[in-house]
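Chain residues, written in single-letter form:
There are 2 protein chains.
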Amino acid sequence: MRETMAEELPEKSNFSEWYNEILKLTEIIDVRYPVKGLYTWFPFGLKIRNLVYDRLKELHNERGHDEVKFPLLIPKKRLMKEADHIASFEDEVFWVERAGKNKLEEPLALRPTSETAMYPIFNKWIRSHTDLPFKSYQVVNTFRYETKHTRPLIREREINSFKEAHTVHEDAKGAEKQIDEAIEIYKKFFDELCVPYLITKRPKWDKFPGAEYTIAFDTMMPDGKALQIGTIHNLGTNFSETFNISFENQKGKQEDAHQCCYGISARCIASLVSVHGDDTGLILPPKFAPIQVVIVPILFSDSDKDKIMGECKRIKDKLKDKDIRTKIDDSEERPGEKFYKWERKGIPLRIEIGPNDIKEDSMTLVRRDTNEKNQLGLDASATDIKEIFEEIKNSLKEKARQKMNSEIIKPKEIEDCKKAIKNNKLVKINWCGEKECGKEIEEQLKADILGSEISTEPKGKCIKCSKKAKNSAYIAKTY
Amino acid sequence: MRETMAEELPEKSNFSEWYNEILKLTEIIDVRYPVKGLYTWFPFGLKIRNLVYDRLKELHNERGHDEVKFPLLIPKKRLMKEADHIASFEDEVFWVERAGKNKLEEPLALRPTSETAMYPIFNKWIRSHTDLPFKSYQVVNTFRYETKHTRPLIREREINSFKEAHTVHEDAKGAEKQIDEAIEIYKKFFDELCVPYLITKRPKWDKFPGAEYTIAFDTMMPDGKALQIGTIHNLGTNFSETFNISFENQKGKQEDAHQCCYGISARCIASLVSVHGDDTGLILPPKFAPIQVVIVPILFSDSDKDKIMGECKRIKDKLKDKDIRTKIDDSEERPGEKFYKWERKGIPLRIEIGPNDIKEDSMTLVRRDTNEKNQLGLDASATDIKEIFEEIKNSLKEKARQKMNSEIIKPKEIEDCKKAIKNNKLVKINWCGEKECGKEIEEQLKADILGSEISTEPKGKCIKCSKKAKNSAYIAKTY
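Going line by line, the protein sequences match chains E and L.
Going left to right, the first sequence walks through residues 1 to 479 as UniProt numbering numbers them.
Going left to right, the second sequence walks through residues 1 to 479 as UniProt numbering numbers them.
Chain E extracted, bound-state conformation:
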């Protein structure tokens, strides 16, 4: 796999090419699998993916979600049971109709999402109000026969890292509370990834099929397009009525349960790569870097070697002891080549130790995100390093947030909106919330209404019809 390190990465301003090349050159995703929309995780990429998903799972566990695992194959009749739901997926489903030499009695779908696989079993698991709230999630592969242009981690036919949470509640209030908790979990998650986001309520025509409403997280990609990175759905009783998920309430009566579901796909990795990376390569927040510190010994003469290597080893052991993922690069390459290699891979911190450092009882630290060089005593502790990690995280997060905010324009007129969208900006407007105006705005701007802000008070007049605007809405070109 080594030859890829020598190839050049396009400039990030040429985002589409940059994105494809960085996935390959830093060994995240191999696109050479011979089926459209199916990709292979390289070892390095999968290490990032595992760090990210382990944390995502932990955030769900901490809030009392239980992990479960349901089958991939869904019988056709079941998938078809919730009419609104299937209508939107029907053209995107992969079907198994034959096994060995036999035609199957009933076609089986590769799950596009798991509501219809899970909920008939929830029907058996949930009996009484004492079983509620019930909070579960799974991380699985799901399938969509995408007809649009496929792209690794962004639009895949096998979504191999789909985290889908499914919860059940006594009443509407319980479901609402869960929506808030889901928002909190996702905020924390993307804050830790240092990926900025907009939280909006999707327009009615764009909600999850079968849901009462959908809350979405979007981030802005370097080309000015919005990328949906998380969705949260309040299902009301739509599915529980179809799949008969009811429970005995405190008064001994059967009631339909309320449900929520919310999902995050490998788009979280796509955003991590795209938001922070630069012309040199990846930039990883320390928490999600497979290697957090790389130590490069600077050797000029053989006489220094033992002493320098001894120091490198001592520091590595000290950091590893405190769970800092540390590597000494003692390969035959020149220091410059090593710097280049690990910078491209996005390793947050490089420590250089050479004869001068030894003399001065110090080492040189170089931050990947700012390129900043600093001297630290050889007696620096793991705590010192962790403090630098914290600074890196805060700086990455702040920089990305500022960047996104600087791309948000609030025009007063439709014509200015058009210009802004053409210039790859994200547009914030007042909108009455009605479909008629919404669709006209989308048509005129050739962009999508992401949705309405969930946290603001109604204000101003709709940019289109001048009626009172319920909330501010965001508009962007989208993936």
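Heads up, a few of these hints could be off.
Treat identical chains as interchangeable: a pair holds within one or across any two.
Okay, derived cross-link-like pairs now, DSS-like style, lysine-lysine, Cα gap no bigger than 30 Å in a straight line [what the hints assert, rightly or not]: (1) LYS341 - LYS251; (2) LYS446 - LYS81; (3) LYS459 - LYS173; (4) LYS316 - LYS418; (5) LYS393 - LYS103; (6) LYS225 - LYS412; (7) LYS124 - LYS24; (8) LYS207 - LYS467; (9) LYS253 - LYS24; (10) LYS428 - LYS467; (11) LYS81 - LYS24; (12) LYS76 - LYS318; (13) LYS177 - LYS327; (14) LYS225 - LYS425; (15) LYS477 - LYS403; (16) LYS341 - LYS124; (17) LYS148 - LYS124; (18) LYS24 - LYS77; (19) LYS439 - LYS419; (20) LYS338 - LYS135; (21) LYS24 - LYS76; (22) LYS225 - LYS187; (23) LYS76 - LYS148; (24) LYS36 - LYS446; (25) LYS135 - LYS318; (26) LYS313 - LYS477.
Bear in mind the hints are in silico, worked out from the structure with no lab data behind them.
Following the hints, position chain L against chain E.
Using the frame of chain E, we list chain L on its own:
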């Protein structure tokens, strides 16, 4: 999900029924999914599964294996490329031939195993001897259209927890060395599960299709049948020739690489459940128990309550602090009900704290595996508890090993073999290793030759043809 706790577990001597019921009553696997051979993991079962597979992954990581992830769908032409390989799978493959409204140009197989998905990409990853040895693994769902009786964790149509390792080497010696390493990893893994095993070289007619030879791990189930729990294959250059995995050697010449692959499925969980469980329920080795210690407060009067609960809490915090998974059962149930519930779930250690314990500055410890009661001072440390865990592990392992060994019979005559097999014993014989004798023996005993011992010297005469026996061989009824 609660009502299942009240149902009765059949006696283990009625193994088949016991197995089905214990999976349900202890909430490991729900079998009510409406597609044959597809099952759902309950939260409790999945916690065990995750502890087991996290350790399995760690054992591979420690030995320098990198985790990867390849697509599920394999184009038909590719799957068909290695003739021996596909011959054995052909009747068991699930096919996707339609997506949405379109018939696919080429049918896609749900992977029955991943050689043909991975090796064409290995062809791109491996260029030079400096890329070797290359050691990788993935944990994925695989599919077999099983026509035999399906059974959760033992014979599934979706094998949702398949760990498959794939390695590439410069020469035959490198591959042999890897086979030894794989055996070491699997020994360590099953030793930690306290599951005893036989390691044999499978007869030629029973090796993995496309392999030079297959080494297998089998354990003995309570009904006397052998269960294959792990296989290790030396592929020689069979696949590398087909998929053109070659490398430039030190002299600058292209050579075909040698390969190994080895797999473990959820049968490891089936063996964990079956080997240790008893008429009461599960018995889990502490390392793989989602809860390792359950603390049950024994409350007679309200006056004791605060003091006792305070002690329970203090001990829980002390143990949790040292990463011991501890739970206080402060539910409304009577202590007897709590004991019963956690014994059924296989929690290794129960701590009871009542007014008498407090008076005597002690607590009562009850081991799940032996039912042994002991007093320990309230100042007992996490280290004391971890020592008991170690004793439990050693005792479980030793007991299971002795049990299996006691079921192995070494008859001198075929007739005695027949009797032993009828009595559900495992039979060890001398065998020349030839197919003709082997097939006749299998026919006469109505049982399978598992394979030949890999570690013994040739000795004695073949029980069938009286020619010199290469090794001892094991015979059993099998799953």
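Check your understanding: Which hint numbers doesn't this structure obey?
Key -> 2, 4, 5, 12, 26
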